[in-house]
Amino acid sequence: MDDLADACVFLMEKVDAEKMREFCADYFVNIGVGEDIRIKDLAQLIKDIVSFEGEIKHDLSKPDGTPRKLLDISKIKALGWKPEVSLEEGIKRTYEWYIEQVLNL
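Here the sequence shown stands for residues 98 to 202, where the numbers follow the working numbering.
Read the hints as simulated data drawn from the structure, not as lab findings.
In this text, a Cβ means the ideal position worked out from N, Cα and C, and glycines have one as well.
Please note that a few of the clues may not be correct.
Derived CB-CB ranges, DEER-like [claimed, not checked]:
1) 150 x 185: 16 to 22 Å
2) 116 x 157: 16 to 22 Å
3) 177 x 200: 22 to 28 Å
In silico lysine to aspartate or glutamate, EDC-like type, Cα no more than 16 Å apart, as pairs [claimed, not checked]:
4) 172 x 123
5) 144 x 113
6) 154 x 138
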């Protein structure tokens with residue numbers, strides 16, 4: 098969430114509409130870490146962070162989507178922004194916030 102907020106502020110304060118149009122005529126940019134990860138590795142990462150002790154089951158007979166995910170952040174990087182928080186750290190922070198704010202633990 099920190100990078101998302103930071104990127105939004107960066108776009109609003111540092112990038113004018115003309116410069117934005119040069120990089121992306123539709124004004125859409127992706128915000129993320131810019132590293133690909135296999136879905137099974139993402140599931141394992143989340144499992145580890147939340148201390149889930151159950152089993153992750155993969156039903157390979159029903160593929161629905163790509164086995165890897167990568168958010169292309171080249172547009173926003175070309176505008177001068179870069180991520181500061183890793184995917185793992187971002188998931189940890191989000192989970193900690195959820196535990197504190199939503200579950201009130």
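Here is what the structure says about each hint:
In this structure the hint that residue 150 and residue 185 lie 16 to 22 Å apart at CB holds, the actual value being about 19 Å. Taking the beta carbon of each, residue 116 and residue 157 are about 45 Å apart, not inside 16 to 22 Å as hinted. A C-beta distance of roughly 38 Å is found between residue 177 and residue 200, which places it outside the suggested range of 22 to 28 Å. A C-alpha spacing of about 11 Å is found between residue 172 and residue 123, which places the hinted pair at or below 16 Å, so the restraint holds.
A threshold of 16 Å between alpha carbons decides the hint, and for residue 144 with residue 113 the separation of about 41 Å lies outside it, so the pair is violated. For a cut-off of 16 Å, the pair hint linking residue 154 to residue 138 stands: about 12 Å separates their Cα positions.
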